[in-house]
Amino acid sequence: MNKNVNIKSLIIDKPLKLDCGETINNFPLAYETYGILNEKKDNAILVFHALTGDQFVSGTNPVTKKDGWWSHAVGPDKAIDTDKYFVICANVIGGCMGSFGPSNTNSETKKIYGTSFPVITINDMVNAHYNLLELFKIEKLFAVIGGSMGGMQVLQFVSNFPNKVKIAVPIACTSNHSAQNIAFNELGRQSIMADVNWTGGNYSNQNKNPDKGLSVARMAAHITYLSKNGLQEKFGRKLQERDNLKFSFDADFQIESYLRHQGAVFVDRFDANSYLYITRAMDYFDLIKEYGGNLSKAFAKTKTKFLIISFTSDWLYPTSENKEIVIALNAIGVDVGFVEIESDKGHDSFLLNIPEFLDTLRDYINTSYLKN
Amino acid sequence: MKQEFKIIADLIEKKTRVLDVGCGDGTLMEFLQNNKEIDIRGIEISKSNVQKCIGKGLTVIEGDAEKDLSQFPDRSFDFVILSQTLQAFLNPEEVISELLRVGKKAIVTIPNFGYWKVRLHLLIKGTMPITRTLPDEWYNTPNLHMCTIQDFFSFCENRKINLYKSIALQNFKSSKITNSNLTLKNLTAVLGIFLIEK
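Residue numbers (our numbering), protein chains in the order written: chain A, 69 to 440; chain B, 832 to 1029.
Chain A extracted, bound-state conformation:
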């Protein structure tokens, strides 16, 4: 999947005990950095990516040749200003952009892991990421920021390392996956597994790829990232390069063509097994259960300041779920701000150029950096 061009990676030689019970050793964590770490090392921001993201948060992604997934928000003079801050982003373990994942080769069997790769969790991901602090000898991060699954990692990171972060900004996320979210992820996984080319997860060793299944998974997921109004406004019932219905199953409607395109470009950059592993990690995420039914306990030891952001039309990680985090933090007197941004772009809003959102993020980061 990755062409191993310009991919920096840290080989983690400390054993990492995973939640599933297995321990992994000497594994790669692919990362990218933007901006300069200052002398005091107090300007570092760790950005966590979402399900299909990677370490190339800004600039041009050297593998896909497209803009980084959050280039609206991260870069020189952007909300997360790389002229001021040192931004680190790493590919999650389980991923397919250079970090240890199911598309890696097992050094013992010389075969690609596939589904013999251990099941990983959000907790495992952030524990692997923690090694980046040691790599750069950063005592305390200025900020941890992320949307969607990135937001879950923000929550898990602060709960695991309560003294290591000054401000945390979880965006459009949740403290545990709802039945609806698990259901959509399962739909995606079943679609991949139903593709004959998936071959029980062993496709890479047989020079096959479950393109069809992965592309349908992406199409279904993509719908959940948008909103009914957003779709209606952008596509409505507009036809795709034709004046009349063709009375066939071609992509008559623009929305069909759009989804097919989203599916087709996705398979070129993403590994189907990684999709299974990462969606599983999201489904298993339950910070409430981890702390015995009381989310507040996850943050009892922290002095980190929080800003929670949600979007009005996000029905995948709705405001109500984001607010539960706010309530848990307020219950123990943690410094937490919360704002719901007006947008009809659904869950995808956090990735888009929405001025109210990006201005709020920028001002919050800049004023928090100046305050002690």
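In case anyone wonders, no lab produced these hints; they're calculated from the structure. No residue lacks a Cβ here, since even glycine has one placed at the ideal position from N, Cα and C. Wrong hints could be hidden among the right ones.
With a cut-off of at most 30 Å between alpha-carbon atoms, the simulated BS3-like pairs for lysine-lysine come out as follows [as the list claims (entries may be wrong)]: (1) 134(A) x 108(A); (2) 833(B) x 846(B); (3) 935(B) x 391(A); (4) 887(B) x 208(A); (5) 365(A) x 833(B); (6) 898(B) x 371(A); (7) 369(A) x 846(B); (8) 887(B) x 109(A); (9) 867(B) x 439(A); (10) 146(A) x 878(B); (11) 883(B) x 152(A); (12) 935(B) x 846(B); (13) 306(A) x 371(A); (14) 371(A) x 833(B); (15) 887(B) x 232(A); (16) 234(A) x 883(B); (17) 845(B) x 991(B); (18) 371(A) x 887(B); (19) 369(A) x 991(B); (20) 391(A) x 887(B); (21) 833(B) x 439(A); (22) 898(B) x 357(A); (23) 439(A) x 935(B).
To be clear about the criterion: a stretch of chain B counts as covered by chain A if any three or more of its residues have a C-beta under 8 Å from a C-beta of chain A, and this derived list gives those stretches [to be verified]: (24) 840-847; (25) 989-1000.
Fit chain B to the known structure of chain A by using the hints.
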């Protein structure tokens, strides 16, 4: 800064924990944070005001005081401030009881419907009063439960709420309200400012 905010600030001790309910664009919060080393939080219903506050580095949550005060534990703040919004709630009685649960003390300010200009407006013109503190028409006012200083006094008395300090504000002059001058202050004050505790 508004005279009202100066009086509120004077009622608050240094280095305390304060919640500003309906904090607007954060003007009072900023003042308290910078001048009295106060650990201050805000709750505000308007998205654009919340964004302004967060942009200033103030800790504000977007929310409706009638629903969202319940998330704060009992007596988790030394002072809770409610400036000129009591009359806009569906259930002011419940809001007051929430303020006094969350805060050890509460500071409540009300536009006084007993102010002579308000009374005169209704008496002479026979239409709903419009003044500087009550600028809206009857059909678009957010105010559902107007009251007078005298009403607020008896409200507190009936519910055994201790009126710690009562201040009348008339233009730029402030003065103490006591039981003996209540009738007069109820006529001359534009705004009533009350420090209460249960």
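The hints, checked one at a time:
A threshold of 30 Å between alpha carbons decides the hint, and for residue 134(A) with residue 108(A) the separation of about 34 Å lies outside it, so the pair is violated. Note on residue 833(B) and residue 846(B): the hinted pairing holds, with a Cα-Cα distance of about 22 Å set against a maximum of 30 Å. Note on residue 935(B) and residue 391(A): the hinted pairing holds, with a Cα-Cα distance of about 25 Å set against a maximum of 30 Å. With a C-alpha separation of about 23 Å, the suggested pairing of residue 887(B) with residue 208(A) holds against the 30 Å cut-off.
A hinted pair counts as satisfied when its Cα atoms are at most 30 Å apart, and residue 365(A) with residue 833(B) does not qualify at roughly 41 Å. This hinted pair checks out: residue 898(B) and residue 371(A) have alpha carbons roughly 27 Å apart, not beyond 30 Å. Using a Cα cut-off of 30 Å, the hinted pair residue 369(A) and residue 846(B) holds, with the two alpha carbons roughly 22 Å apart. A threshold of 30 Å between alpha carbons decides the hint, and for residue 887(B) with residue 109(A) the separation of about 24 Å falls inside it, so the pair holds.
As the CA atoms of residue 867(B) and residue 439(A) are separated by approximately 16 Å, the hinted pair is consistent with the 30 Å bound. Restraint check for residue 146(A) and residue 878(B): satisfied, since their Cα atoms lie roughly 22 Å apart, inside the 30 Å limit. The suggested pairing of residue 883(B) with residue 152(A) holds, with an alpha-carbon distance near 22 Å, which does not exceed 30 Å. With a C-alpha separation of about 15 Å, the suggested pair residue 935(B) and residue 846(B) falls inside the 30 Å cut-off, and the hint holds.
For the hint pairing residue 306(A) with residue 371(A), the CA-to-CA distance comes to about 52 Å; that exceeds 30 Å, so the pair is violated. Under the criterion of a C-alpha separation no larger than 30 Å, the hint pairing residue 371(A) with residue 833(B) is inconsistent with the structure, at around 34 Å. At most 30 Å may separate the alpha-carbon atoms for a hinted pair to count; residue 887(B) and residue 232(A) meet this at roughly 24 Å. With a C-alpha separation of about 21 Å, the suggested pairing of residue 234(A) with residue 883(B) holds against the 30 Å cut-off.
Straight-line distance between C-alpha atoms of residue 845(B) and residue 991(B) comes to about 27 Å, which keeps the hinted pair within the 30 Å bound. Between residue 371(A) and residue 887(B) the alpha-carbon distance is near 20 Å, which keeps this suggested pair within the 30 Å criterion. For the hint linking residue 369(A) to residue 991(B), the alpha-carbon distance of about 39 Å lies beyond 30 Å, and the restraint is violated. With a C-alpha separation of about 22 Å, the suggested pair residue 391(A) and residue 887(B) falls inside the 30 Å cut-off, and the hint holds.
As the CA atoms of residue 833(B) and residue 439(A) are separated by approximately 26 Å, the hinted pair is consistent with the 30 Å bound. About 26 Å separates the Cα atoms of residue 898(B) and residue 357(A), which keeps this hinted pair within 30 Å; it holds. Simply put, residue 439(A) and residue 935(B) have alpha-carbon atoms about 28 Å apart, close enough for the 30 Å limit, and the pair holds. With 0 residues having a Cβ less than 8 Å from any Cβ of chain A, the segment 840-847 of chain B misses the three-residue criterion, and the hint is violated.
Judged by the Cβ-Cβ criterion of 8 Å, the segment 989-1000 of chain B is not covered by chain A as claimed, because only 0 of its residues qualify and three are needed.
Of the numbered hints given earlier, the model fails hints 1, 5, 13, 14, 19, 24 and 25; all others are met.
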